[in-house]
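Participant: All residue numbers for the sequence shown refer to my numbering, where the first residue is 31 and numbers rise by one.
Worth flagging that the hints you see were computed from the coordinates, not collected in a lab.
Where hints are given, some of them may not hold.
As the list claims (entries may be wrong) - Derived SDA-like pairs: lysine to any residue, alpha-carbon spacing no greater than 20 Å straight-line:
#1 Lys301 / Ile98
#2 Lys82 / Ile335
#3 Lys247 / Lys232
#4 Lys82 / Arg347
#5 Lys232 / Ser125
#6 Lys91 / Thr191
#7 Lys357 / Ile34
#8 Lys81 / Lys244
#9 Lys313 / Asn249
#10 Lys213 / Phe231
#11 Lys201 / Glu396
#12 Lys201 / Leu358
#13 Lys293 / Asn249
#14 Lys244 / Ser298
#15 Lys122 / Ile335
#16 Lys357 / Asn315
As the list claims (entries may be wrong) - Between beta-carbon pairs, the in silico distance windows are:
#17 Thr295 / Val375: 29 to 35 Å
#18 Ile45 / Lys353: 44 to 50 Å
#19 Ser53 / Asn251: 21 to 27 Å
#20 Val327 / Val282: 20 to 26 Å
#21 Leu49 / Gln312: 33 to 39 Å
#22 Lys72 / Lys460: 40 to 46 Å
#23 Tyr56 / Val78: 21 to 27 Å
#24 Glu198 / Ile63: 29 to 35 Å
For each residue, glycine too, the CB sits at the ideal point set by N, CA and C.
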Amino acid sequence: MGSIIAILLFSLSLIFCLLLKLSVVYALIIGYIIFISYGLIKGHNLIVLIKKSFEGVLTVKNILLVFILIGMITALWRASGTIAFIVYMGSKLISPSILILLTFLLCSILSVLIGTSLGTAATMGVICASIGKAMGVNPYYVGGAVLSGIYFGDRCSPMSTSALLITELTKTNLYTNIKLMIKTSIIPFIVTCLFYLFLGFKSKVSNISVDVTKIFKQNYNLNMLVIIPAILIVILSILKINVKKTMLISIVVSFIISMFIQKETIVSLIKYCIFGYNNSNQKLNLMMKGGGILSMVSVSLIVGISSSYSGIFRETRMLVSLKEYLKLFSKKTSNYFVIFLSSIVSGAIACNQSLGTILTNELCGELVEKQKMAIILENTVILLVGLIPWNIAMDVPLKAIGVGFMSGLFAFYLYFLPLWNLFLNFIKEKYKIKI
């Protein structure tokens with residue numbers, strides 16, 4: 031009962047911060063105090079609890095490094111003219127009516143190649159959002175398509191860290207999982223494409239692309255060479271080069287192009303890397319301002335603090351009693367439904383995809399056999415966390431492309447796939463048929 035009270039208190043602090051529009055970081059700090067206090071009440075040593083919480087933070091050090099790279103690449107692609115060039119060409123070649131569908135497909139392809147949702151959002155997502163802005167397409171539609179696309183590959187790419195994490199947690203085969211993931215996603219993928227095509231044809235667009243291209247031509251040297259940083263991302267991804275190395279190479283090349291083609295100073299570029307791209311031309315800033323390492327500070331704190339919980343949970347075994355309640359609930363409903371709900375709660379508490387996945391598996395891992403658990407995790411928590419506004423799975427991509435949380439309403443793939451499989455599971459259990 032104590033563990034349930036602790037989680038409820040933390041949930042209340044989350045709701046309180048959201049209602050008052052305060053940073054989730056405050057709720058996470060309160061949560062840290064609550065969970066440490068729970069451990070002390072249960073007789074655990076304070077030093078041991080703090081040590082275990084730091085061990086939890088160390089598990090996400092690679093994610094924190096990726097955040098730094100995302101901040102730098104989103105700023106330098108703006109400074110180098112990479113985004114400006116692609117937007118300039120894209121606004122001439124791409125019809126606004128197919129942009130939303132194209133955004134989903136391009137982000138899906140790149141996320142399969144590089145295996146990371148955050149890296150895809152920082153590159154292809156930023157480009158598509160910028161083209162959409164230039165065309166006057168509703169930014170929430172484009173933002174939803176970006177979210178859908180980046181998690182298509184994050185879920186089923188052989189290079190995806192989330193796919194590898196689930197393979198490790200469930201002791202299953204990665205390629206068997208991928209085959210099953212593709213099988214369970216065909217209908218949701220097709221329906222998502224149709225919805226984006228419909229949105230594109232029904233969207234009203236502003237005729238502002240002429241002004242935008244004029245601003246870009248006045249402020250950038252739109253030499254063909256400025257596209258190299260983007261081409262490198264694609265080529266190095268196909269060659270299966272590590273995503274961090276790929277991003278770092280693109281950053282270095284962007285830096286060089288900014289210096290020699292856009293005539294930026296080293297001091298200015300370092301400032302952009304830290305504080306984000308900013309230009310004296312206010313019209314250009316409306317399109318291009320953003321990025322920088324500091325834009326990632328808030329999400330880094332969210333990941334760091336929330337990941338410390340995993341060490342505390344492991345040490346205090348506070349999830350053990352919850353598992354028993356979930357087993358009883360699953361007998362009254364269904365295993366899939368319980369895992370579905372648990373993934374939402376875990377994603378809301380964990381504030382990041384990795385910890386949300388670990389918590390869901392910890393709570394529900396005994397409900398079904400390993401292979402089935404692996405696919406259910408891929409069809410629930412991996413996608414559903416992208417619909418939770420304070421979870422970095424949604425927060426970071428939308429910050430990178432500069433679009434608000436309302437985009438989640440149009441991230442069709444993220445809820446079509448879990449709901450489709452929930453429906454199939456209901457049919458299987460009710461009519462005892464194999465689908």
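Participant: Would you mind marking each hint as holding or not holding in the structure?
Facilitator: Status of each hint after checking the structure:
1. Lys301 / Ile98: holds, 14 Å
2. Lys82 / Ile335: Holds - the C-alpha atoms of Ile335 and Lys82 are around 12 Å apart, at most 20 Å.
3. Lys247 / Lys232: violated, 31 Å
4. Lys82 / Arg347: holds, 12 Å
5. Lys232 / Ser125: Given that 20 Å is the threshold and the Cα spacing comes to 13 Å, the pair holds.
6. Lys91 / Thr191: holds, 13 Å
7. Lys357 / Ile34: Since the Cα atoms of Lys357 and Ile34 sit roughly 15 Å apart, the hinted pair holds (cutoff 20 Å).
8. Lys81 / Lys244: violated, 56 Å
9. Lys313 / Asn249: holds, 10 Å
10. Lys213 / Phe231: violated, 29 Å
11. Lys201 / Glu396: Status holds; Cα separation ~13 Å.
12. Lys201 / Leu358: Distance of about 25 Å is beyond 20 Å: violated.
13. Lys293 / Asn249: holds, 11 Å
14. Lys244 / Ser298: violated, 24 Å
15. Lys122 / Ile335: violated, 45 Å
16. Lys357 / Asn315: Violated, at about 54 Å.
17. Thr295 / Val375: 29 to 35 Å: violated, 50 Å
18. Ile45 / Lys353: 44 to 50 Å: For Ile45 and Lys353 the Cβ distance comes to about 24 Å; the hint is violated.
19. Ser53 / Asn251: 21 to 27 Å: For Asn251 against Ser53, whose Cβ atoms are near 39 Å apart, the range 21 to 27 Å is violated.
20. Val327 / Val282: 20 to 26 Å: holds, 23 Å
21. Leu49 / Gln312: 33 to 39 Å: holds, 34 Å
22. Lys72 / Lys460: 40 to 46 Å: Given a distance of about 42 Å, which is inside 40 to 46 Å, the answer is holds.
23. Tyr56 / Val78: 21 to 27 Å: holds, 26 Å
24. Glu198 / Ile63: 29 to 35 Å: holds, 31 Å
Violation of the numbered hints given earlier is confined to hints 3, 8, 10, 12, 14, 15, 16, 17, 18 and 19; the remaining hints are satisfied by the structure.
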